[in-house]
Amino acid sequence: MRNFLMITAVAAAALTLPAAAMAQNGNGNGKGQGNGRGQAERGPDRDDGDRGRGRGQERAERRDDRGPRGKGDDRRWERAEVRVQPGPRDRDRDDDRRWDERQVRRAVRDGVPVVVLRDAPRNVYIQGCPPGLAKKNNGCLPPGQARQIARADRRWDDWYWSRTRDDGRWRYDDGYVYRIADNGGVAGWLPVLGGALGLGNLWPQQYQYAPAPQYYTDYWRVNDGYDYRYADGVMYGVDPQTQAIGSVVALLTGQQWNVGQRMPSGYDVYNVPYAYRGRYADTADSWYRYNDGYVYQVDPTTQLVQAVIQLLV
Amino acid sequence: MIRVSTAAVLAAFALAACNPAPSADAGGAAEPSSRTLAAELKGAGDLGTLEAVLVNSGLEKVLEGVGPYTVFAPVDDAFDGATAFDFRDEAEKAQAAALLRSHMVPGAVTRADVSAALGRAEDGKVEMRTLDNGLITFTREGEAIVATLADGGRAVLTGEEVLASNGVIQPIDGVLLMAPAA
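Protein sequence lines, in the order shown, are assigned to chains A and B.
Numbered by numbering that gives the first Met the number 0, the letters in the first sequence go through residues 0 to 312 in order.
Numbered by numbering that gives the first Met the number 0, the letters in the second sequence go through residues 0 to 181 in order.
Hints are supplied without guarantee of correctness; some may be wrong.
[Stated by the list, open to error] Incomplete in silico selection of chain A near chain B, CB under 7 Å:
hint : residue
1    : Trp155
2    : Tyr159
3    : Arg162
4    : Arg220
5    : Gly265
6    : Asp267
7    : Tyr269
8    : Asn270
9    : Tyr273
10   : Tyr289
11   : Val307
12   : Gln309
[What the hints assert, rightly or not] Label-pair ranges, simulated between beta-carbon atoms:
hint : chain 1 : residue 1 : chain 2 : residue 2 : range
13   : A       : Ala243    : B       : Glu142    : 46 to 52 Å
14   : A       : Thr282    : B       : Asp122    : 21 to 27 Å
15   : A       : Gln240    : B       : Ala143    : 51 to 57 Å
Just so you know, these hints were derived from the structure itself, not from any lab.
Keep in mind that this is a model prediction, so the values were computed, not measured.
Cβ coordinates follow ideal geometry from the N, Cα and C atoms, glycine included.
Isolated chain B (complex conformation) (with noise of 0.2 Å):
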């Protein structure tokens, strides 16, 4: 059990007075597990089509690694029908790396870090660089919060996320890296 002194309570206390508070997205709460994201993927009940993408893209060592990154994760269902080809065929080696890479950003990105910059984006919207060079657009609709990849598709941030040694798993419905309708 911790033990936390008044003294040292009030010296915080003090300090917050003093010192710019920093922004709600800074802190984070919530500890992270000790698995990384290749392994909190597999353990995922929903996640199972993308940690066969992830297997068939030869990148497991990424997301075993240092890291850290964000991965904005379609859900099983969201796979449905979404193209014409299936990610985890072994001819799609290339494709399946190229859906990850435009799911991804770098870093560690918590659902609170992205409403609150959010709560400061004046015209409620903010972009996440992704690690194919795409732009990640999230804004809020009600309580839940949209991403839509530039020139490509839209999901809507799912589930509960997922803090992994590594960096973060954030479920969400549907796959971004969708050719526009015809």
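Chain A extracted, bound-state conformation (with noise of 0.2 Å):
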């Protein structure tokens, strides 16, 4: 078995250096461009991977910056940072930022990118009428489907998909979910996991996503013949030709961790996975942490996070 591991260890310091690529998203509506100065290397087969279909525009200046030297390695690293607003996944972060610094970091090795996408988009609902439902004055007309919604009073309902979203009333219906206004119409609406994002089911066209980024599909070694996209803390399989969901490939937290600042909370366990015990075993100096494909060394002490540990096997 080939063993494949890519170290990067990023002191926070050189997170100080200049020119780290600065970018901030814009209204939240666009879709990220990738248009700034200074285009970094582009992968010849995910060309489009940190463009993604994020929210807002992407001014991206990014900077190349050489990783581990020596021993014939000609691996180059690049870093940027981005801003997007959070969104309801981030609600009860440790801080309360309005705007919440990204990293983007871009390896290359032996000519091929290894792109690790750290940042996606944020569905927090999308607005106007879902499929089938007309729209009428203050929302969206409520006969049908949204009467159904109405008359949906199941208390699990109504209290599991409110506490997972964003502030407001949601409602659960065949497949979906929807805000509820105000006025007690339909403010927006999202596609769930295994309702109208279940296995078989279209990729809905007004849900965004981010095309998986290569290191994920190396890494939960998914390579057949799907189109993969990222959205909610979810990885799916899309057959390129039917945009039927194919596979749900991996669950993710979504969560951020940039070198230099404080590890989110919920880590307090010990978490590696058996195989890299050995080498990322927590010290009085160093504690590691599993995340999303990655291991992260962090300052027991400060909290601040050391390291960021790419797996590849």
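Hints given; two lone chains; assemble the complex.
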């Protein structure tokens, strides 16, 4: 078995280097275009891997950064940061900044780019009327499907779908969750995993996603011809011809771990995969935590993230 | 049979004396099986309901894949009367997926890992992030480890943990994704 371990030990100080790319999302409605100055080198097969279809326009200014040196390793690292407006999945994070800094890291080894996308569209909800509901005055006309929504009174459903989304009331019906407006109409909607985003269903056209980074497809070892998409903490395999969801590949927290920033809450317990426990065991000086295909080195005292470690086996 | 020389043992002790000792939760002597989480769920005697929920949710590939994940798995009895509807019902696929996401955390978490974290926690509790962005808080009550989902239910880690090839199954005696009492 080829065991290729790529370690990125990025000191917090490295973040202070000049020219780390900064990008700022616009109004959150556009698609990331990656049209900034200093376009990063792009791979032949994942050209749009870090453009995604994210919210807002991205003005990225990127900088190549030589990574681990020596031993004939021609690996290069590119570092960029983007700013995106936090979505509902961020709502109980440790800080209350309106804008949340994200890092985009790219590695190029042996001429092959390994794109690590640390940004993804945040589907707060799709405004307007869901498919099949006519729009009328304030919100969507509630006959038929919407009337069924209004009648739905299952306490568990109301509780769960509201607790996992942004503020406001949410109702589930037939594969979608609906944001209920103050006037009782439907203010917006989203497809959900297992429902409209269940196996065999067509990908909803209005639902935003990011093409899964190659690192994710490498890490989760998927290569069966699907178009891999990331949205709201889930990586899907979608038939490129029919647009049908053929596979749910991985579940992710979607949380951002940035070097030099505090570890997100919820990682008090050691959770490194078995195969890496010998190499990344907690010590008095360093903790190691796994999340979404990476192991992170954390200072136990300050809780600051010291390094991001890619695991490619 | 694996032979370990005396010199190697002494060298190991010497290294241990020089370096900060890994915490107790860093190791884990038990070896994982060669079966995936999905296969282990299928073979477990008292996790049949959750296995059926998994099939209904369409997330089998997730638990057959690389992972790793830790599944806090309600035993069959835990589902009795837990909610008004059946997570195995075809009409509840989205709810089945939601149930699984709220009972899963990233990585491989053994009971020894939780115990070690609780041992160093000043306030006696530790938290883990679920795959639907919730938080499970762990506390100790006597010998038992109790898991509580924020705004949700409470359960005790029970039975034997299962170390699968791609994660860990931690049986629990309740369903965490429970709406608070009205």
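*asked:* I'd like to know which numbered hints this structure contradicts. Please list them from smallest to largest.
replied: 11, 12
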